[in-house]
Structure formats: C-alpha cells, structure tokens
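Protein chains: 6
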Amino acid sequence: MAELVTFGETMLRLSPPAGQRIETEGGFDAQIGGAESNVAVAAAGLGVASTWLSKLPANPLGRRVVRVLRGHGVDPVVAWDDSETARLGTYYLERGADPRGTDVVYDRAGSSITTVATDELDRSVLDGADVFHTTGITPALSEAAAETTADLLSAAGEAGATRSFDLNYRSKLWSTAEARSQYESLFEAVDLLFAPLRDARSVLGYEGDAESIAYRLADDYDLETVVVTRGEAGSLAYTDGELYEQGIVDGETVDAIGTGDAFVGGVLAELLAGSDIDTALSYGAAAASLKRTLEGDVLVTSRGELEAVLDASTGGISR
Amino acid sequence: MAELVTFGETMLRLSPPAGQRIETEGGFDAQIGGAESNVAVAAAGLGVASTWLSKLPANPLGRRVVRVLRGHGVDPVVAWDDSETARLGTYYLERGADPRGTDVVYDRAGSSITTVATDELDRSVLDGADVFHTTGITPALSEAAAETTADLLSAAGEAGATRSFDLNYRSKLWSTAEARSQYESLFEAVDLLFAPLRDARSVLGYEGDAESIAYRLADDYDLETVVVTRGEAGSLAYTDGELYEQGIVDGETVDAIGTGDAFVGGVLAELLAGSDIDTALSYGAAAASLKRTLEGDVLVTSRGELEAVLDASTGGISR
Amino acid sequence: MAELVTFGETMLRLSPPAGQRIETEGGFDAQIGGAESNVAVAAAGLGVASTWLSKLPANPLGRRVVRVLRGHGVDPVVAWDDSETARLGTYYLERGADPRGTDVVYDRAGSSITTVATDELDRSVLDGADVFHTTGITPALSEAAAETTADLLSAAGEAGATRSFDLNYRSKLWSTAEARSQYESLFEAVDLLFAPLRDARSVLGYEGDAESIAYRLADDYDLETVVVTRGEAGSLAYTDGELYEQGIVDGETVDAIGTGDAFVGGVLAELLAGSDIDTALSYGAAAASLKRTLEGDVLVTSRGELEAVLDASTGGISR
Amino acid sequence: MAELVTFGETMLRLSPPAGQRIETEGGFDAQIGGAESNVAVAAAGLGVASTWLSKLPANPLGRRVVRVLRGHGVDPVVAWDDSETARLGTYYLERGADPRGTDVVYDRAGSSITTVATDELDRSVLDGADVFHTTGITPALSEAAAETTADLLSAAGEAGATRSFDLNYRSKLWSTAEARSQYESLFEAVDLLFAPLRDARSVLGYEGDAESIAYRLADDYDLETVVVTRGEAGSLAYTDGELYEQGIVDGETVDAIGTGDAFVGGVLAELLAGSDIDTALSYGAAAASLKRTLEGDVLVTSRGELEAVLDASTGGISR
Amino acid sequence: MAELVTFGETMLRLSPPAGQRIETEGGFDAQIGGAESNVAVAAAGLGVASTWLSKLPANPLGRRVVRVLRGHGVDPVVAWDDSETARLGTYYLERGADPRGTDVVYDRAGSSITTVATDELDRSVLDGADVFHTTGITPALSEAAAETTADLLSAAGEAGATRSFDLNYRSKLWSTAEARSQYESLFEAVDLLFAPLRDARSVLGYEGDAESIAYRLADDYDLETVVVTRGEAGSLAYTDGELYEQGIVDGETVDAIGTGDAFVGGVLAELLAGSDIDTALSYGAAAASLKRTLEGDVLVTSRGELEAVLDASTGGISR
Amino acid sequence: MAELVTFGETMLRLSPPAGQRIETEGGFDAQIGGAESNVAVAAAGLGVASTWLSKLPANPLGRRVVRVLRGHGVDPVVAWDDSETARLGTYYLERGADPRGTDVVYDRAGSSITTVATDELDRSVLDGADVFHTTGITPALSEAAAETTADLLSAAGEAGATRSFDLNYRSKLWSTAEARSQYESLFEAVDLLFAPLRDARSVLGYEGDAESIAYRLADDYDLETVVVTRGEAGSLAYTDGELYEQGIVDGETVDAIGTGDAFVGGVLAELLAGSDIDTALSYGAAAASLKRTLEGDVLVTSRGELEAVLDASTGGISR
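Protein chains in written order, with the numbering used here: chain D, 1 to 319; chain H, 1001 to 1319; chain U, 2001 to 2319; chain L, 3001 to 3319; chain P, 4001 to 4319; chain W, 5001 to 5319.
Next comes chain D alone, as it looks inside the complex (with noise of 0.2 Å):
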C-alpha cells in the first residue's frame, strides 16, 4: 500500500555532453523526468512507499519510463495508451555554462497523458495513501488532464490523503492568467502548497516578502499548511499559525534541473515519517543539494547519506 501517491507526466529527456549544443551532431544521453515522478523518485530512496500514476503510450518508450522508475523503487500505475497516436512527451536539455543559459526544448504537445480520464486510471491506488501530489504542470497539459488532476485530488481527498500540490508555474505551457485560473479553482482540495517565490508573485500576484505571501496564500485558500521558497535563500514554512524558516545546504552543481522536486521529496519523506515541518524542511534542503550534485531529474540516495549530509559529517573521501 503507498504511502505516497503522485500524479503527473514523464517525458524522455534527451541531452548532448556538457559543452555541446542539441543543434551540432553527436549523440544524447537518454534519461526520464518529470516533476512528479522525480518527487516520487526522491521519496522512495528515502524510505517511502511510493506510486506514481500516469497514462503512458504502449510501446518501447512507455515501458522504458517504467523500468526506469522500478529501478528507482516506485512502483508506476500506468493507463497504456495504445491509440494510433499514443506518444511519449520529450525533452532535449542542453546545460549552459554562464553567460549561455541552459536551455530546454520541449516535444512533448499531444502526449499520451494529455488524453488521460479519471477513469482510465486505477484510483484503488489511492486507498490507504498518506500523501497524494501533483504540480501546475499537470493541469497545463491539456483540458484532460487538469479535469483528471481535479478528480484524483478530490479522490485523494475522500480517501483521507493529505493533498499536496506544487505551483511549479512553466511559461512554455500557459499564460499567468491560464495558470492562476486553474490553480484557484483546484487549491480548494489543496491541503498542502509548495509555491516558488517568483510563481507566487508572478502568476497569483503576490507581493510583499515570502513570510507574508506564505500566510496570506494560506488564509485566502484556506490551506494547512504553505512551503514558499526562494531559491538560494532558502525555504519557509507557514501551518497552524506558526512561521519555520530553513536554509539552504551549500554544494557544487552538476545539474540544477529536478533540485525543487528533490526538495518536494525531502520534505514530503520527512513528514510521513512523522516530522514536524521545520525538520522536514530541513531534508528538503539536504535532498536539493545532493540532487544538484547528480546528473539527471531524480535524486538517488539514501535516508543514511542525507542525515549523513545534514550532521555535516561528509566531505572528505570515505576509506
């Protein structure tokens, strides 16, 4: 039985070596991401037993998204889609170096899961689950899929899970207003908010500090509990009336993409570990590091190497 259910797309990702662009010829390492198979991910190599429910095409892309995330320990509950048009979304990453930004190129218009119904998918897995998650890339997929990110938090709701939902806001997919929108109308079956700083201002139109924006999301939508973070500044926490603040664990990066999602994961691990908030925080911090300092969307470790991290007591070379 889960203790963690996620919902979300998965994509291919397709990447050239560091220092070599997606337009010059050359090969790509092939990896899978997405923000809610990557929380998923994080969660289980901490200890959690995790699902992550998606609608995937029926072929030998679909089953290569599986395998990764056994391997990884989550255990994925798939729709195939086996229609004539049955596609795995895709992305090519090709990692800057300053000045040159990295850059992402998305191909992933009309797939799979952006035919996905509520009730393709097997909802028993919500039976039992602590945590249900998504992020605000879902429901920017298609009409679909944010009908089906609704019912399954419904769903997750009737099924006595705690709801929790990453704004995530992505500009290539939808406008601020088209964001905003849809994210009103779902944070009333939102229990638990994870809001980048930048999205809360620039999508719901927050302004003022973090610590403010943290309570006043809380109290215009009536949510538990609000993580706002702020990049390098850290993260805060708002739930029950009380604020928690935590840092940042400083650390190289070898690729940043997937370190909010690892954060997601820490902190999510932690609670259902049964962690006060301000702890959990703390994990989300350590699991951030440590996924910047690992190529690829997902976050491998262990509940050993992160308190490891968080007693400070790595470093050097162990032998």
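Derived by calculation from the structure, the hints in this document are not laboratory data.
Misleading hints may appear alongside valid ones.
To be verified - Label-pair distances were calculated between CB atoms; the ranges are:
1) D:D250 / L:G3231: 29 to 39 Å
2) P:R4201 / W:G5026: 50 to 60 Å
3) P:S4181 / U:E2120: 28 to 38 Å
4) W:K5172 / L:K3172: 28 to 38 Å
5) P:S4181 / D:G47: 39 to 49 Å
6) L:S3202 / P:D4240: 39 to 49 Å
7) D:D219 / P:R4201: 54 to 64 Å
8) L:K3172 / W:A5273: 43 to 53 Å
9) D:A256 / L:G3231: 26 to 36 Å
Bear in mind the structure is a predicted one, so any value in this text is a computation, not a measurement.
Just so you know, even glycine gets a beta-carbon here, dropped at the ideal spot from N, CA and C.
We have chain D; now place chains H, U, L, P and W onto it with these hints.
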C-alpha cells in the same frame, strides 16, 4: 542552380547501440534521415548539385537537420516553422538480429511539415532543375503535405524538370487503400516511377512478375520510365518499350535503413550524368550496396568509390 | 503474490568491448547476471509475477542488483549482508571470436550469498507460488548455500509449488563428483529437471542418446518431468510416459551468455500460462533465440514479440 | 556572394578527454580548427555570408574539413591538393587544469596549404566581398603561404573589400623577428588590424599602455582601425582619431581555444551589419564569452543568443 | 638496477562517470591504483628507475596490472598466484561533489597479496636499491602481508637501502589500536617516515602542532627523517635537528585520489636526485598538485613539466 | 638481453568506429601500429625477450608509443628526435565491409624515423640477440632509413644474429622497381626471408607456384630459409633443401590489420623456442588467426592461449 530538387520530411533518428533495446537504459546515437533527403545526399556525393525543400521547426533540432545536410553537400531550402506547435518528426530505430526484427518507433505525428503550404516554399529552386523527386511518404503525412506534393509536382513539370516519384509505402502511416488513391491522383504528374515490387502488388494491386508489372504501370499511368525494385533479385526498368535488368551488388549489411534511397540517388545521379537507364540501374545497385556498409540513413560516398565497386576492384586493404 | 520464485546468486558482470581483452586498458561495460535471476527476468517479460530470493551486500553494488532487477520487472526479496566481509560476486566476460574462445574470469569466492542461512530469507514469498526454481550453481557456492537450497526446495514443496531445477554444472566451481553427490541428494525434492545433455553425461554419468537419458533420469530419480537440452539439436522433454521434442529457432548470436536461462524462463512462463510441455519447449526455444540477439545475460522481451518469432512473422523492418 | 572571405589553414584537432593526457592510451575527440575558419564560422552563425578560402589534401581528411565547415554554414572554396605529399595539418590539444597548462602539440609541417599558390585559388570569391580577413598564422606557414597572403590582401584591396588582419603570433611557428618583418611588409595592405596587446609588445616592440599602442599602430602603419585585445581587461579600438573601449563578458570557461577568433568574428559580423566599432566590440566580447562555454575551436551561436547575452537576460533555465 | 623499490597491493579501480552513482546503471572506467605503485609511477615519470614488488593473480586482471605499470615505466616484479582463490583486489570509486562525499567501496578482502610469503618474492631486486618504500596499508591487509612487510624492511636495511614508510592509515582495514601496534613494531626498521598529521594524532596519539609532532616522532622512534603532511597547510620535515617547511602548489582538483602518493613519489625522486629535503618537499608539492589535475590514481608527468610548475612558468596555452 | 630485436617505424593509428567514415564527424580510436613493433609484441606475448629499435619524436606522441609498447612487454630502445621537424608517422584506418574496402590514409611523410642515422641508435642491443628482424617498409621510408637498415643488418650479422626480413611491399610508399632494387641489395645480409606470394610475383618478378618461388628465392639470393605466405592458402617454407607446408587456422575477422606481422611473430617466437620450421609455421598460423579476432594492429596473447588454439581445444565458453 540545382540539378536535383527533392521534397519531403527529414526526421531525427535516435538509435540505441546494436544489441540494446529502446526500452532499456542508455543513450541514443543521433542522426537524421528522410527518404527524400537521403536521395539528395547520395546524389550530392556523386557530384549532383542537390537541393532539399522542406519545412522545419525553428529550433535547435530543425537547425541540426540543416547543418547535417549542408555537411553532406546538400543545399537545404527550408520554410521555418516558428509556431507553438512546431516540432521535428522523430523516429527510434532498434536494429534487429535474426530472428528479432529491426523495430522502428515513429514519433512523427504533427511534425512541422504536416502544416506545409505551397506558398511557404521557395519554388524558385525548381527553376532550371533537371529532376524533381519526392516519395509516397510525403503525401501520407497530412492533407496539407499531400496538396503541396501535388502542387510541386505540377510546378516542376512547368519548370521543365523530370518528375521522379518513389512509392515508398509505409503501413504505419496510412492504409493501402488511402495510399492507392493518393498515388493514382499523383501519377499523371510523374515521369519516372520507382516502384518496390512489394508495394506495386500490395498497394496498387498488380499481379504477375516484375517485368509485366513494370510494363503495365508504364502503360496504365502513361509513365516515361518505371523502375521496379525487387530486393535481393535486383531491379529492372521499362522505358521506351524496352526492359532493362540489373542484379544487386553483393555485400555485408551494417545498417539496411536507407538502402532504397541510396539506390534512387544512384540512379538519378547517373541519369543526370547523361547515362542510359541500364547504366543508371547499375550505379543504383552499387550505391545501395555501399549504403548497407554504413551506419545511418545516408550514403556517404564519391563517384570514384562507387565506380571502383562497379569495377569490382575493391575489397582488400589499400595501403 | 509471486507465480515464480527463483533462488540463487546474481553477480556483477564486467566486460570489455568486443574485440578487446580484459587485460588491456579500457573501461568495462557493467551489467548483472545470474542463472536464477536471468530466468526470473525472462519470465517476468513474458508476464509472470516473478520474485528473486537472495542475499546481497548492503552496499551500492548490492543495491545496483536490486535496481536492475526491479527495472526488469522482477521483485527482489533480499537478505542484506552488512557484515565486514559482505561482497558481491563478480565476473569478467571477454567475448571471443573463433578461434579465440569466450573467457569468463570469476571473482565470486566469498560473496555474500555463500553465508546465506535459511532463516535470513523471507520464505513467505513461497506462499502461493506456483513454481520454485533454482540451479546447480547455487549449492556449488558454499555449504551454507547448499543447505539453504535444500531447505528452500523442501519449503517450496510444503507450500505446494512445483520445484524446478537446472543442473547447470560449472567446472570452475566444483568437481563432477561433488556435483553429482549434491545433485542426487537434491533430486528427491525436484519435480521438473532441466538437464543439459553434456551435464547429464559428464556429471551424472549417463550414456546413450538424449531420449533414453531423459527417460532414465525421470525413472531413476522419480522426476515428474525431465527436459534435456542439446544445444543446436534442440530440446526434448519426458513426462507422463511421453517424449516431446523441439528444435531451435535459428538466428544470429550477439551474446550467447544466458541463452540457457532464457530457455528455462520461456518454458516456465508458458507452463505457468497453462500450456503443455510441448508448447512450452517451443517458447523456450524462441526465448533462447531472442536472448542471443541481445547484449547481456538477460532476455528483455514481451509475449507479443516472442509469439511473433514463433509465427515466423518477423525479420524485416517494421515501419 | 560572400560578405566575408577568410583565408588560412584549418587543421584537424585531436584531443583526449579532459583530465587525460595525449601520451596515455585512449581515443581522441576529433574536431577541426583554424583561426580564419573559426572567424568565418562565428560570423556565419551571426548571419554573415561567409566564405573560407584554402588548400586541402584531396583525401578523406580534407573532405572532412569541407563537410564540417559547410555544416557550420560556411562556404569552403578549396584548391584540392592531390600530390603525393598532400596532408592536412593536425594539432593535438591536451586541456590543462591549473597548475598544469593546456598543451598544444602541432603536427602541421608540410601541410597542403604550405604549397599554396595564388593562382590555384578561385579569387573570384573576392568579387563583391565586403571584408577579407586573414591572420599572422598564415604567412608563418611557408614562403608560398606568405606570398599568397600578400597577393590576396592586394587582390582584396583591388576588389574594394576592407582588409582585416589579426596578428595572432605563434611562437612555435617563427621567431618574433621573422614575424615582425613579415607583419610590417603586409600592413600597407591592411585596413583593420586586430592586435593582441602581448603580440604588439613582444613582436612589434611597442611599449606603453594599450591606448597609446593602438594610436601608434594606426599612425605608424596608416591603419584605418586598430583593435587591441587585452585578455581579461577587454578590448579597445582606435579609429578616426577616437578611442573606444569595451570590457569582457564574464563567464565560465569550458574550452578557451578559439576565443580570440570568436571575438574577431563577432566584431566583423557587427561591422558588416552596419554598427559602429563600439557596438561591434561589445558583440565581439559576447561572442568570445559564448565561445568559452563550448567545446571545440568554433563558436556555434545565433544573433538572437548573442544579443540575449548582451541584454544580460540569460543565465537561468528557460522552460 | 632499481633506485627505488616499492612493495604493496595494487587494485583494479572501477569508477562510474562523474555525476553518476555506483548503484545506477552504466559502465565503469577502469584503472589501477595502489599507494606503493602510485609512488613508483610518479617517481618513474621523474626519471627514477622504479621497481614494484607484489603478488598478483595469474589471470587477465593480474596481467593488466603488470601491463599498465610497465606502460608507466615501472618494472613490476611479481609473484604469480595461480591458486584457486587467486584474486585481484578491487575498489569502486564514486567521485563526490560537495556536499556528497567521494565514496570508496572496497572489494579487496582475500586478494592474492594477503597470502604473500617473503620467500615467494624476488628479493634480489633490493640489491643496490637506494630506497625501499612501503606504507601502512600493506601490513593492514593480512598477517602474512604484515610479516612480509617486516621481512622486506629488514632485508632492505641489510641491502643498505633507505627504508621509507608512509603511515597511510585506512579505517576500513583496521582499528587505530591495531594500526598503532603494528606501526610501532615496524618503526625500528624505518629511516624515513611520512606521517599525515591526522594519522599521527588519531592513530599514534600525538597531540600538539605539526612541528612538535615531527620532532617527537623522530625522537621517540629514532627516525632519520620525519615528513608530516598537513593537507592544505603543506608539509614539513624534521631531520638532523632541523625543521623544513613547504606550502602547497595551488591548483584545480580533477581527481584527488593518489595525491599523497604523488607527493611521496616527488619527494623520493628528488632525494634520489641528490637534493636536500627542503627542495624535495617542494617537488612533492608540485607532484601532488599536478596529480590533482589528472584522472586516476597515478601521476603521469616528467621532470620538465614538474619543474615548470615550480618555476610558475605554466598556466597558459603553449602553442 | 634481447632474444629478438626489431627495427622499423611505429605509427599512431587513428580509426573511426566500424560503419563510420574518416570524413564524417566523430572521434577516433587511437592505437599504435608498425610492422616491426607488431612482430615484437606478438613475440613478447609468446615469451620472447623483445626489443624494438627506432627513432621517435620527443613529444607526447612519441612517448605514447614507448608507453604502449612497454605495456605489451616490449623494450623500446629509442633515439629521441627533438628537432623542430620531429613528428610521429600517423595513419587513418577506415574499416571496410564488403564491397567497401578497408581504407588506409597515410600521413607518415617526414616522420622522425626518416632522418634516422645508424650512429644515433644504441646498437649494443644487438649484442647477444638471436634474431634481428626488419621489413621492406623501413627502407622505403627514406634514404637514411634505407642506409640504416643496411647497416643494422650488417651489424646484426657481425653480432651473430639470424637476420630476418619480411618483404612487406607497400605500393603507397614506392614503385615495384625501386623496391626490387632495394630488396636485392639487402638480400645478401638476410638469412630468413618472409615473402608474401603477391610481392614475390609483382615486385621480384617471379612466376610459377609458391613452392618453386620459395626454392628459387633461396637459390637466387643464397637465403637459409624462405617462408612464402599465400593468404587463405597458408604458408610454406623452404630450408635445407626441404619444403614444409602449413594451412591457416580458420576463424572470424574482427580486424585484419597486422595479421601478417602476427604470423611472423609466431614463427620467430617458435623458432627461438627451438622448434623446427614446420612447427614454427603452425604457431604463425595460430598467431595470425588470433590476431584477426582482436581490434588493433597487435596480437595480445600468451603461449598457453596460442597452443590451445593449436590443440583445437577452444571455441566454447570457459566458466
């Protein structure tokens, strides 16, 4: 000024290493491929001034296609698609080993060329062209692509170019009935037809041997020249009331994809060089055989190398 | 609930590129392999709920085995060895080319499974299992492994599972005398025996043709079913007083390692699907042939692909 | 018709992976590089119709240079050397890491371009060209190359093109005395001089600060424009009695080779676009900075990307 | 005739690419490494006739060690282990990135050298040797290895060689108490001691600053020379009643493994060249810094390169 | 003290992956190769103390040759060329696939060995040597190399060594007339001649069958032993009035380069081991066959492996 103009879709081709599967982890070798650009590349290697006409997404993947074709000596004349839905068609190639067949997974639906309109294309490239070539894949892509195919065949005729067409039936793109109907509507604007024997039978419904099919195709559709290809059994051509026949050039197969296109490229290059159809078929056979020894969709060769194959003067180590 | 439970050692497999030697510089491709997990992977690909029971070092190499097997759809149920001497068995594979033979360098002595004890293992996985499978490699590893093998065969019998055993004699692990003695002590708890003809002769001392050996093995050791494999000559089975015979499926060999395990996986999967032994042998033959086309110890396939091979409907390029 | 014509040698560049040495075993990454073709590539990426004039061996290595340059959008106009001594200049690049310096091992003696004669080259490419560019490397290669350099500068002047010259002193090719003498004989046919401050001092013997050197160079040799580059300290230009100064664009260094050529390409491209020298220097600075983020000798970029760097609007992940 | 003889274990070193984990799929880069052969390689590069004495399995992996060391200019004198339990020690290296530490997974238990006996080794290599060097790793491997270490130190003394010893404490091999006891029994046969400050404190129990520890070590154990290394703080030596101190050579770190061995190799090579300890420490510092710029355990360099670093004359691109 | 001394050029060998062309983008595998060092490597693997004498550039590429040969167990005795024109000969190898031939592009003109002088070489290595071997490639390189070849053959004779010579005609280096004249002037200092049948015919002008050519060669030039190689037809030797004949050992071909050198190495090693010419030819045949299964110019093997091939005891998987 181009001697040969081809029109069609070029895709990104992603393939795992030999002996590996698409669905298991690991990177992809990345090349490009498309029947019509494959023909242009083969012909360019043999000294033909070759232009490829198409529509591409205005992103790094589209630019990659242009880069690679230029490297192969082809002049790409491209309508750039900067719409939100712009995408490059993609295919995944898993090379088989008997009894495991080679598997092609298409991810080409909705690619930029499916929205092509005749007036987006710089038809001035047809001015002075000797041959215009396209294949049955292009009209299968979308109604728009089919209309543009018809328009270009018509324009090529007006420009005085020989119009060449390869049936190239793809069962993953349309039914035999749809293909037949489309083919028949295009044939009146075709001068030189390349017909794989299998397609002539299964799509156009011909029965009997290759010789009689060649004759009847020419007769039924008033075609100047019909080249029928028969795989291992070689090719034959019917023109001006005469039949010409050529065998294949034996050899090893490193990668069979693009063999038929190399054949067409060889035939067209030699016709453009002023040879008769009989000689041209032999150049096609050598081109096809050389292609099979190379990884990728395209034949990289030179006139000297090809003629050395025909002279049977190769095979050892030259040092 | 597992349909198939296998028990045995899985090793890290390190191999230089084809045409290179272990002793010259350069990196190693890294996979995993083990007769019993190879069987579980092949069966899982064919739709069988497969569990693999073993003991692994509690380190990244042990976790790697679990990750890879999960990716292949197998459920690993593992006793973790966190002792100081914990280690993963390893083997180096140098692929040959005639007349240079394929070379396997074992570095497996003292691996964690050699210290396995029956009560470390979660035997509840046997509850409801239809088939329990292990091979002659496992009891060759250590006395502890031999005892646990006997215990598990016994427990499987009590749980009502069919007990399957593949002789799989390894001359680098023990003498034929040691092997024979051990085999004979285990046979009374075996229902279904896979016996390579070579092993039946050199280890068990049988003479005569495969047919008579199959009959005598069944008779001498009171085995329900005996499958004798004869390399290029195919396989035959003796059961219920009847002999069934199947040829091999011809094909190319990319990597021969694991062919026998794929055969066993195919046979067991089809028996579990309710087919008779004759049909099961043909599935085994197709599985073996498909395995030979893939790099690595394991067969990655699906029921659809395997059945297409049996239908002889493959071989070309599907596009 | 070319806007920019460059003339010089392009070599094969072979480099072991970062952290490896030329002298230890392992393969080489293979690219091409040459100061003048590097400039042409950078300019082509920024929209300039660029032609590169040279002599190459009539073998696969020579054809490789043509292929790669065409891929980068440059039009190579080549005298093919089919003599017995034809060879492509080669250099081996071992990237350093402080305190180990980057090492360049030249193997370029006797390359085909050292036998170049003016009348082998298709000088008609100069007709209508706006800028002709070469560097101090070319006359250092051989007497023949020096004579041809002088001839082409003269012909370019007659054709009405601006003649651009980059000192580019290479101590491995000639002494400072030889270089100075050659430079001075060429300066009368130069309009626009790029002078690294170090070369102006060590080769031409100037003292004082960059500003005064720029002024004196222009004055001493009657040059229209002198651009002095000062590494980290940025560049300055003296023209029409005015001094213009620009800093560098900060960033990371993946591969420093070709930075100066990218700078020149950026300056020339922007001058060709009609901007003043001040703006052109800033484009050069951005081009140089972008180049440092890419593996290889050449800058692969677009006008849009470069201008985004200048707008300081990049740096994050665009998705 | 060897100037330097070292004795110890050399292992196969397997490492995933940077940013990847041992436990996730993918191949391993394969090198060799061992403290004593690392010292021999560094010294050989600096012109010392270096011999490495050890025991290796008589299989391709053992032969690989010999091949690689010979390539590095070291003369391996090896007792070949053709027993059934022969194996090469192995270690897996996962390079870290802050805050994820570098992880070393040893798989070295029971390697061939653990069964080494003094009379298996060709001690004649000590005849005429100037320096014999080993480290605290070797006696930690097994009782047999400890006895042989003592025997060889004794034999080296009889042969008139300076006996050099590096504490090199490895917590994964033994306790500090075991190490201390062993060290103390060996010290009477040591002339030159390399003592990492951390080991001097945690294992030998010294307190106070490095200077006083160097003095007391020399005094307590009657050592001719004691070199204390202090990481970033550089090294110091106590000999003949004098203290000498050297800083480090700043630089980048590509791979930190083997840095200490390169330092020892640099010091020994320069002492063998007749320099005083002060100069020798500076060569050690440069060697250590150069090592950090290279992948792998060993320093590949030359006297010229190292002296250029000391002359601070490097850092740019030499071309 | 060397048993075998060989003299000749060793080049860097650069090759694209199989199925790729030299002229298309991508990296090169880098190995070394040269007829005489290939012979030395094969012989060293079979237990012969082998020295290779040559001249190399004093740069990382020259050092690379020394490193690799040492790794293969050969002792390189080298005159280092630190002149400005020092360079390592290079060749590019593009492996063919029928009907595309394997292509070798030489870039070896003016390599350091072309300036070799006899007194630069340490001829003391000939003292006590049993066999001195060189080939017809060396005198083709330059007059200086031809003179040194003659000098060394003469010195080897004085030192009492058997002088072995392989015709090894290379049409890319000289004409048949030049070669014949040079060969004939050297033959008086040759004891053992290896003559490919093709070269004996096309260069030396012999007609008739191999047997009579062997006899006449021995007779015409007063040679002790003549070995004629006939490709697929095997080899034969004439010595002391007797003819000996051996077939080839069948097998697969991974890389044919160096096959003839492995043959010579096998023959010489077995003659040095005291066998008669008949047995030596069989060792040559096995060595040639093993070489064909390995990538690269050189045979990496052992006496045990080679004898197993002769015993026909290999072919399966040993585990």
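Structure-based check of all given hints:
Between D250 of chain D and G3231 of chain L the beta carbon distance is about 31 Å. The supplied range of 29 to 39 Å therefore holds. In this structure the supplied range 50 to 60 Å holds for R4201 of chain P paired with G5026 of chain W, their Cβ-Cβ distance being about 53 Å. Range check, S4181 of chain P to E2120 of chain U: about 35 Å between beta-carbon atoms, so the 28 to 38 Å window is met. Between K5172 of chain W and K3172 of chain L the beta carbons are some 29 Å apart, a value that agrees with the proposed interval 28 to 38 Å.
Distance hint check for S4181 of chain P and G47 of chain D: the Cβ-Cβ separation is about 41 Å, which falls inside the suggested range of 39 to 49 Å. In this structure the hint that S3202 of chain L and D4240 of chain P lie 39 to 49 Å apart at CB holds, the actual value being about 46 Å. Against the hinted window of 54 to 64 Å, the Cβ-Cβ separation of D219 of chain D and R4201 of chain P comes to about 56 Å, which satisfies the hint. Taking the beta carbon of each, K3172 of chain L and A5273 of chain W are about 49 Å apart, inside 43 to 53 Å as hinted.
For A256 of chain D paired with G3231 of chain L, a C-beta distance near 30 Å keeps the hint of 26 to 36 Å intact.
Violated hints: none; the structure is consistent with every hint.
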